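Peer 1: Residues per chain are reported as follows:
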Amino acid sequence: MRLDYIVRRLVLFVIVVWAAATLNFFLPRLSGKDPIRDKLLQQAAAGGYVQAGIQQMVEEYERKFGLDKPLWVQYLTYLGDVARLDFGYSIANYPRTVMGIMADSIPWTVGLLLTTTLLAFAIGSILGALLAWRRSPRFVQYLFPPLLTLSAIPYFLLGLCLIYLFAFRLKLFPLFGGYTPGTFPALNLNFALDVFKHSLLPALSILLASLGFWALGMRGMMVTVEGEDYMTFAEAAGLKSSTLFFTYAIRNALLPQTTSLGLALGHVLSGALLVEVIFSYPGIGTTLYHAIRQFDYFLIQGIVFTIVLGVTLATLVLDLIYPLLDPRITYQRA
Amino acid sequence: MLRYMRRNRSLVVGLCLLLLVLLFAGLGRLLWDTSLAAPLSAPPNRPPSWEHPLGTDRQGRDLLAVMIVGTPLTLYIGLLAGFIGVAIGTVLALTGAYYGGVVDSVIRGVVDVGLTIPTLLVLILLAVSVRSSLSVSQMALVVASLSWLWPTRTIRSQVLSIKERAYIQVARLSGASNRQIIFFEIMPNLLPYLAATFVGAVGAAILASIGLEVIGLGPIEANTLGMTIYWVTYYAALLHGMWWWFMPPVVIIIMVFVGLFAISAGLDELANPRTRKTV
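Chains as they are written, first to last, in the working numbering: chain G, 1 to 334; chain U, 1001 to 1279.
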């Protein structure tokens, strides 16, 4: 059964990645005309200082995806390129490759997302557990409605309000960017502090908006767990309230929460991309925003594919970890 | 009915919030000159005053007029995309779950793969590929192209559970045809879930459309709420402290989302009497 499960997950992973590559290839060609070719030729006709690069890109593009070749040959060429993670050159910043531009921005996004998601998961789950726990202090109950309301608000709108309040009005935090303009990224304490200060508001807007989601899920699970026989038994056996809460209730309620972690990943990521745009945070979302404004098709394709790859990979890893965390899951064929 | 409404408070709160938004848009259209929503129809960058209660933006739009015109547009995108999504989802879920077999496996496979890929990214690819600036209706269609995935999954699991209930067996034994069972036995019991799914789908569609607009792929000529936020980031209104520019769309969007969220929570209670609070 176990091997069967792993194989099925791997197959799903391969299919998703293939589907993303296929969408990348066919969507621009759906409209009949080829927007990439149009953009390249337009750029070539416009001339300017990037002329040499554009000429080469047009030639390269014609060689690979020329109209003289049947569609399936072009498709196979594209799949081959993607398999080697070769997304070509950026149209707007010619000598730079798509891979190079992404390599600069991905660490920012991963850092921001990883810390906020883990924090939101931990804090949200504990809050949710307290909400359902009969013996928790009264004031916890009052937290529930605001948490729910916050979870219904898109991250970037919360970000807008936070910037205005804390950065513009109170001037507590910088208004935009990932570090103070003029400083150079370096590995020292000053720069690290600067980065930390810049990342607090974007992190806070993601954190606040996603807390409610985890709290809500955890609350539901805790209610179920509290009704279980072993809880009654443990209580009757005279165990301490804190032991009951942490080792009996939370541990069992937390496991299904990790399942939603995989499901929520894509949603959190889409929200975080827009938060980056609002804050001009130097991550992949802002890069995508600029790529769209300049219609840098190769960069857009590269970013979309890389993000899908990342999310799918993370989901796969989470899926493979679950059986180790929760022996109750047997993964039988439905 | 009234007694029930009093008990199901989140449904009431949600409906009131949405009604307020609709009232604002409806009455506004009657009482305010909406032609002021066009660029250059008012002096630019003015804070709120008697002449322009919500101020004006950088391009000389009266923001009150923009809100009055934009709110229904955003709601329209959400409703259209949500409706298409739930309609396609219901058909796929019913055929898949009821008939099973290869069709069901294919539908389930496509939904599983589709839900793994972040929706916004595919929509971005799609909108970029269309390239020529989208109209509001085209925008709704772009969003609708993926809005059926989640409804298909939830409705399918619901149909699977309804299918096994005793009254379906009875109907089949008494010789009802497949079509009769689907339309007269399953459908009526599915309706509350369809309503809840629809509300969820509308919310997701509005979120997706605003996301596309903020990242710069929206209908440039239309004054939807998301486009207003796009212009706010485009002209860095925050750095100029023009709070009157971004607060109105933010407040309206938040009211819409909280309203939809509360309604879906209320409908959930309506559909699952077991979770109902004590009478």
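Think of the hints as simulated: they come from the structure by calculation, not from any bench. Mixed in with the good hints, there may be bad ones.
Said to hold, decoys possible - Estimated spans, in silico, between C-beta atoms of each pair:
hint: 1; chain 1: G; residue 1: Gln-141; chain 2: U; residue 2: Pro-1188; range: 35 to 41 Å
hint: 2; chain 1: G; residue 1: Arg-2; chain 2: U; residue 2: Leu-1141; range: 40 to 46 Å
hint: 3; chain 1: U; residue 1: Leu-1023; chain 2: G; residue 2: Ile-6; range: 51 to 57 Å
hint: 4; chain 1: G; residue 1: Phe-233; chain 2: U; residue 2: Asp-1112; range: 19 to 25 Å
What the hints assert, rightly or not - Far from chain G, by Cβ distances over 10 Å, these chain U residues were calculated:
hint: 5; residue: Arg-1003
hint: 6; residue: Pro-1044
hint: 7; residue: Ile-1182
hint: 8; residue: Ile-1254
This structure is a prediction, so every number in the text was calculated from the model and none was measured. Each residue gets a CB set at the ideal place from its N, CA and C atoms; glycine is no exception.
Peer 1: Take the hints in turn and mark each one as holding or not.
Peer 2: Hints versus structure:
no. : hint                               : in the structure
1   : G:Gln-141 x U:Pro-1188: 35 to 41 Å : holds, 38 Å
2   : G:Arg-2 x U:Leu-1141: 40 to 46 Å   : holds, 44 Å
3   : U:Leu-1023 x G:Ile-6: 51 to 57 Å   : holds, 56 Å
4   : G:Phe-233 x U:Asp-1112: 19 to 25 Å : violated, 39 Å
5   : Arg-1003                           : holds, 23 Å
6   : Pro-1044                           : holds, 20 Å
7   : Ile-1182                           : holds, 22 Å
8   : Ile-1254                           : violated, 5 Å
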